[in-house]
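Join the two chains into one complex using the hints; note that each chain is given alone, in its own frame.
These are the residues of each chain, in order.
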Amino acid sequence: MSSKINIFDIIEAHISTLKNYNKVLEYNKDPDNKNRFYVYNKWDFVIFFVLPLILGIFFVYFDLLPIKEILTVLVTSLSVFTALLFNLLLLAFDIMRKPTTNPTRKIFLEEIYANVSFCILIAITTISMSVLSIIFLGNCIIYHILSFFVYYFSILFILTLLMVLKRIYALISTENND
Amino acid sequence: MNLPIIIGGILIVNISLASYTIRVKDGIRGRYMPLGNFDTNGNDFIDFFREYLEHRENEFFLDSKLQRMMKCRNVTNFERKLNGIIEDGPYGSESILRNIDTKDVSYEKLSDDADMNPFYFIIDIPEHFDEAIILLQRFKGLGCKNTFEKDIFDYFNSKFPHLELEMNRLIPKQFIKDQLVNNRIVKLRFIKYNIPSDISDIISNRGHIEEESHMELMLIAGQKQRLPLISNIVRFIDNEIDDLSEIVEIPYFDIDNVKVEVDINGSIKTLDISNLKKIMPYFDVTNEVEILDNGHPSFESIDTVARSLLQDLSEAIPREG
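Line by line, the protein sequences give chains A and B. The opening position of the first sequence corresponds to residue 1 in this note's numbering, with each subsequent residue numbered one higher. The opening position of the second sequence corresponds to residue 179 in this note's numbering, with each subsequent residue numbered one higher.
Next comes chain B alone, as it looks inside the complex (with noise of 0.2 Å):
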């Protein structure tokens, strides 16, 4: 499936899908547990992820610190998989809701009245494997993803207080890759954070000085120009090469950071190579679901799509059992 990636957060989206990993770690002994039988009991994490939802469908979750309040509804189990919809949102302020053609206020919102958006989620809990893939909408920049973590992280601790918990944002190398390779790369940036104090020492470098006290060398392309250095930055990614300065060697100029401008579908997005924990993990779906009146997308399609970004993810990551 080849979904617009968002790299770097830049890119404003109606709704996307942001994907994350979920694994149990016993504590002590510094493992990750295999989630059909992650502790001594043989307990299945996926039994263990459906009491949580059946919970959350009874339950109202209401943080005082995070001043949020969350539900869960239409949860449904198929195969290993559990998809659903959850509902978040603020509360703890007022606002006053007007009616956009007769401007006349609809409701005055009070600091107890929560917001909530519906957002949909599915998770991929395999039986042999240490990590479970979750994807959570995110609708028009609003995620549910923190009051989400820390409710089901509780919930964990409560039941298995010997174990953790841990979740993480997934970074799909393929494809990151794969927007290296299908896409123009218009310029590649090299940063060099120490600035030599001698001004000779920087022209021999050929860089130049940027605002934030480091050096940057551009490569940068032409109107019709494929930059090269791509099968380098790829093997960068596969940790095939460790350090930067194998990627291109420039002479006097040791590389801190490379960054990548791609052209993707005609926007200029920024990839920074040497941290791809910085890019987030949102795949645009706004134009692969079926957008409601109510301003949400149906159900059905935002299910479909996301099943096969599942699929799709599932075989692009390496997963230890």
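In isolation and in its complexed conformation, chain A is listed as follows (with noise of 0.2 Å):
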């Protein structure tokens, strides 16, 4: 793959915040004695990629498709998101300019910094499925796996986005009290 295009870094680095953060001081004091994967909370993994995935089958086994008008509608809408995340992208980045002695503040403007850029990334492949859904409607099987994506992708950018919205808010309401 191109190296342009290698967008493997984001999901590493998006991945690599869903931990405990209580996990990850224990883990640093002792670190030969535990698992690397110890700091990970399985329940972030359970809500961001399992829940979509479970999601999605249930929709796609009851036939419950996306029709030609709600592709439509999530097109036009993840379309104006994915612009409005690059806005946040700038803000993030420019929080991140700040100098700051905390370095768990600091931590958490790289995590903000990976999260939203997942989020953008998820955006654009679930644009990318609902518009391949819409040129596929009329075959079956095609129209059936592309509908998963487009499930499973919607569902992990709304709870992406979620997440995104908490550490925003943490960030500016500490940002503007002190």
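Where hints are given, some of them may not hold.
[What the hints assert, rightly or not] Computed list of lysine-lysine pairs in DSBU-like fashion (alpha-carbon distance at most 30 Å, straight line): (1) 370(B) x 23(A); (2) 19(A) x 370(B); (3) 166(A) x 370(B); (4) 437(B) x 106(A); (5) 437(B) x 23(A); (6) 318(B) x 355(B); (7) 328(B) x 259(B); (8) 42(A) x 370(B); (9) 4(A) x 106(A); (10) 98(A) x 365(B); (11) 365(B) x 23(A); (12) 98(A) x 370(B); (13) 106(A) x 370(B); (14) 365(B) x 106(A).
Derived from the structure by calculation, the hints contain no laboratory data.
Dropping the structure here:
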């Protein structure tokens, strides 16, 4: 794959934010005696990756497939979101440039940056899947497969967006009161 | 009497007085007995203590488990107080004593030689109250409390097997409060032990992570500033406030502990508010006593200081009768 569109760093960076921070400290104190996956929160993986999978399979299995109008609305709304998220990325970058002596805050800003980037990536993926779904609307098998991905990435996008919302709220509320 | 108090056991002093309380407990009824009449035979604790000291003046106490030897001397009795010297020291190891000028060996200490130091003591045994106050001298980090406690407990149990003797540190709240009010508080640390798993919750609480898996929020005083909240901390010490969170309300931050860093005579000491029992009750008297050529304080000088301190402590602590 061309390095210019290699987005695995973004995926990796986002996954590395799905940690229990209290376990991170425990791990750092004694890394030799702990599995490196110890720091990850398994419930985060369940919610962000397994839940959309289950729901996607559920909707497709019961033939609850998105119609063309829904796909069109999805493409439009996600396009708007993508643009807004790029703005958010710039906001996070701007805040990151301010000096801080709090190492936790520095890590937090880097994580927000990774989360917003991942959100944009998922939005773009969902848009692509939706467009392909519209194209392959008549083909039953491909349409079912693409519908599954539309559901999967849409739900993943919403969940990630909620995570970003919480973090941006925490960031801006502390930014205003400092 | 305004003596520097050692907080947290960090300050290294030459000579200090450690304060303790002694009580007699009826183990069956679970209540503390008035010292003037602590058992069914109407025995007075001061008579018991006098008898114990006389016994210890005549005989050494040797504990093979603690590997310590102890003896009392110069015991005097006035009003309902007793004072004197406890000689206490360890044995069980060999060492070489050298002269610091000639560097020659002065003495080769054997394992059955005990290195005894003299420690001043004074005890106030009120007749109608259930609590005696005893001050034990400490010398360069050494003390006699453990040996004395074991000895007197064993002696008491042999005489009164149906009763229990209790010896506890005396935490003089008034003195702690005086230190907070009369000295400058340079830093207030609010500590939360359970770190949230999500980093955004940590940021929301404006905390930062300390190495020992807890979160701290700090209020730091400027050069000539005094920090607020002293009155609330004093109220907590006085038990007018039960919950640490009532000292200051911090949204989304449940306070597990509060530590106060106090500037006492130019030295910063940390006071753990939530656990006053950790405070070592040592009163630094190094500058108040006359140090003799032998390196120990003169009896008269430490006795004067101790009597005054004992008076202050007796007035500062409430005792039940």
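Structure-based check of each hint:
1. Taken as a hint, the residue 370(B) and residue 23(A) pair is honoured in the structure, with Cα atoms around 16 Å apart against an allowance of 30 Å.
2. The suggested pairing of residue 19(A) with residue 370(B) holds, with an alpha-carbon distance near 20 Å, which does not exceed 30 Å.
3. Simply put, residue 166(A) and residue 370(B) have alpha-carbon atoms about 22 Å apart, close enough for the 30 Å limit, and the pair holds.
4. Only pairs whose Cα atoms come within 30 Å are accepted, and residue 437(B) paired with residue 106(A) is accepted, the gap being roughly 26 Å.
5. Of the pairs offered as hints, the one joining residue 437(B) and residue 23(A) holds, with about 25 Å between alpha carbons and a cut-off of 30 Å not exceeded.
6. Annotation: proposed proximity of residue 318(B) to residue 355(B) holds, straight-line Cα distance about 26 Å (limit 30 Å).
7. For a cut-off of 30 Å, the pair hint linking residue 328(B) to residue 259(B) stands: about 21 Å separates their Cα positions.
8. Between residue 42(A) and residue 370(B) the alpha-carbon distance is near 25 Å, which keeps this suggested pair within the 30 Å criterion.
9. For the hint pairing residue 4(A) with residue 106(A), the CA-to-CA distance comes to about 27 Å; that is within 30 Å, so the pair holds.
10. Annotation: proposed proximity of residue 98(A) to residue 365(B) holds, straight-line Cα distance about 26 Å (limit 30 Å).
11. In summary, the hint linking residue 365(B) to residue 23(A) is supported, as the alpha carbons are separated by about 29 Å, within the 30 Å threshold.
12. Straight-line distance between C-alpha atoms of residue 98(A) and residue 370(B) comes to about 27 Å, which keeps the hinted pair within the 30 Å bound.
13. Proximity of residue 106(A) to residue 370(B) is assessed by CA-CA distance (about 21 Å); at most 30 Å being required, the pair is judged to hold.
14. For the proposed pair residue 365(B) and residue 106(A), the alpha carbon gap of about 24 Å is at most 30 Å, so the pair holds.
Going down the numbered hints, you'll see the structure goes against none, and every one checks out.
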